[in-house]
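J.: Spelled out, the chains give:
Protein chains: 2
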Amino acid sequence: MLSKNQAKFIQSLHHKKFRLESGYFIAEGEKVVEELLESSYNVESIFATKEWFDKNAAGLTKLQKRNTALKRIEVTFDELKTISALTTPNQALAVAKIPVQVLDEANLMGRFSLVLDEVKVPGNLGTLIRIADWFGIQHIICSSSSVEVYNPKVVQSTMGSLFRVQVYYVDLPEFLNKIKTKLPIIGAVLDGDSLYKTSLPKAGLILLGNESKGISKELLPLVSQKILIPKFPESHAESLNVAVAAGIICSETLRVRLK
Amino acid sequence: MLSKNQAKFIQSLHHKKFRLESGYFIAEGEKVVEELLESSYNVESIFATKEWFDKNAAGLTKLQKRNTALKRIEVTFDELKTISALTTPNQALAVAKIPVQVLDEANLMGRFSLVLDEVKVPGNLGTLIRIADWFGIQHIICSSSSVEVYNPKVVQSTMGSLFRVQVYYVDLPEFLNKIKTKLPIIGAVLDGDSLYKTSLPKAGLILLGNESKGISKELLPLVSQKILIPKFPESHAESLNVAVAAGIICSETLRVRLK
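These protein sequence lines map, in sequence, to chains A and B. Take 1393 as the starting number for the first sequence in my numbering and just add one per residue. Take 1393 as the starting number for the second sequence in my numbering and just add one per residue.
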């Protein structure tokens, strides 16, 4: 049964301020919670229906061995609704510790990473994390003004990929200025070279801009390789969604890596 | 000023049932409404703030010449909030006629089109329409079970591309069975050939499946070219978002067309 204090605590975790203060976040949805159980994340408690606990008994036993302090709280579907941040709550909600991610530049060498300049829409960040996971990109570096990764909508839309990708928040101009001599910075801009004709390096940073403003003026001079996702010659479309653009570029980087 | 009857009518258009009954839909957001004004769509009325009318005076004069019956209703931001389907309403909302789209198979020959098998998430359909517009794909054929294209969330997420792309709803098994001898049917599946190694035809249908179930069992045997978007060898990701997958495949078709 769900206590009033538990409900209040979980509801507070819907808000960034309380997540940062407490150091905890919530993960919801069958797939996301299952992936969380298999990850190295520190899970504090699971609120789920009897059906869900029965179905996931094996995974939970393993987790309980690793993490003896794990609390399991059986709740009804109606109780779940009161603590869920989703419009359609699922059968399980987990509370886990926000891991401390320390960016070590050495880990970025010899591989591709994503750099996000003010990505604001939670679903976009989630989809970007899923793309990174698919294409073997382990590190995502965000400007401090980007949407927070433990926002419940972001967590949900990563479909579990969040637990396999590292996400950092940094002062982006400072970071890029420091690293620019060590790694190429690839940016998609309207006056770039066609992605179908240009040759990509074997490692680098893929810089993606804000949903409506693109890459900020301050960062544009730091781009060392300007690329363009070609558009059909007669098309009147103005832009692609940032996650779709990232998917196309990341796929090209995998083509290069698999060669 | 907004009348009670007008407010009631627009609120009814938030629901599919009333859109289909009345034959009207709503378009919101500055960019979307601007693109609507420039399209061949039949706009019935525009509810907007004074600022918006002032800013768009030129476009409106042109539209009024083509469409003398156009009604312009100046509303306050608070009135707009009561009729908006968005969480953050914008400065303008337009009511327009749903055009009758008749699928003529002859129009699909010699080009690429998208075929959607039960795409359910409004934002995904919107993003798919935006991708089609960017890559010069004019026709999207949806299974009748797919999300309706005049859903306000779909309209919003197309960013105006909706007005340049034709979307049809058909009995998909019947349609594909009839057309399969005339056009290749390309489907992304887990046992397909790597997109980096296979060669795509110069025209065809790109079949995309449901967000969680993929391409349905009934349609799989109709796929004539099975392709796979390669995954990083050690990745544990299970899937890509349907719109991201579509973006990667559509980009490949443009590469072929531009050759």
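None of these hints come from the bench; they were simulated from the model. Among the clues, some could well be false.
Since the list gives no way to pick one copy over another, a pair counts as held whenever it fits inside one copy or between any two copies.
Claimed, not checked - DMTMM-like cross-link-like pairs, simulated, lysine to aspartate or glutamate; straight-line CA separation at most 25 Å:
(1) K1623 x E1426
(2) K1651 x E1626
(3) K1396 x E1436
(4) K1574 x E1540
(5) K1447 x E1626
(6) K1447 x E1630
(7) K1423 x D1583
(8) K1589 x D1563
(9) K1651 x E1466
(10) K1454 x D1470
(11) K1463 x E1422
(12) K1447 x D1585
(13) K1623 x D1470
(14) K1454 x E1630
Predicted model, so just to flag it, every value in this text is computed and none were measured.
J.: Run every hint past the structure and note whether it holds.
T.: So, going through the hints one by one against the coordinates:
Taking the shortest alpha-carbon separations for K1623 and E1426, only the inter-copy value of 21 Å comes in at or below 25 Å, while the best intra-copy value is 39 Å. When the C-alpha separation of K1651 and E1626 is checked against a cutoff of 25 Å, the pair qualifies only between copies, where the shortest distance is 16 Å, while the shortest distance within a copy is 33 Å. In this assembly of identical chains, the alpha carbons of K1396 and E1436 lie at most 25 Å apart only when taken from the same copy (18 Å versus 52 Å across copies). Taking the shortest alpha-carbon separations for K1574 and E1540, neither the intra-copy value of 27 Å nor the inter-copy value of 49 Å comes in at or below 25 Å.
In this assembly of identical chains, the alpha carbons of K1447 and E1626 never lie at most 25 Å apart, being 53 Å within a copy and 28 Å across copies at closest. Taking the closest pair of Cα atoms, K1447 and E1630 come within 25 Å of each other only across two copies (20 Å); inside a single copy the shortest separation is 47 Å, beyond that limit. Taking CA atoms no more than 25 Å apart as the test, K1423 paired with D1583 passes between copies only; the shortest distance there is 23 Å, against 41 Å inside one copy. Taking the shortest alpha-carbon separations for K1589 and D1563, neither the intra-copy value of 33 Å nor the inter-copy value of 40 Å comes in at or below 25 Å.
For a Cα distance limit of 25 Å, the shortest separation of K1651 from E1466 qualifies neither inside one copy, at 50 Å, nor across copies, at 60 Å. With identical chains, the CA atoms of K1454 and D1470 are never at most 25 Å apart, being 28 Å at best within one copy and 54 Å at best between copies. In this assembly of identical chains, K1463 and E1422 lie within 25 Å of each other by CA distance solely inside one copy; the values are 18 Å within and 49 Å between copies. With identical chains, the CA atoms of K1447 and D1585 are never at most 25 Å apart, being 52 Å at best within one copy and 35 Å at best between copies.
For a Cα distance limit of 25 Å, the shortest separation of K1623 from D1470 qualifies neither inside one copy, at 49 Å, nor across copies, at 39 Å. For the homomeric pair K1454 and E1630, the shortest alpha-carbon distance between copies (22 Å) is at most 25 Å, but the shortest distance inside one copy (50 Å) is not.
Hint compliance for this structure: hints 4, 5, 8, 9, 10, 12 and 13 are broken, all remaining hints hold.
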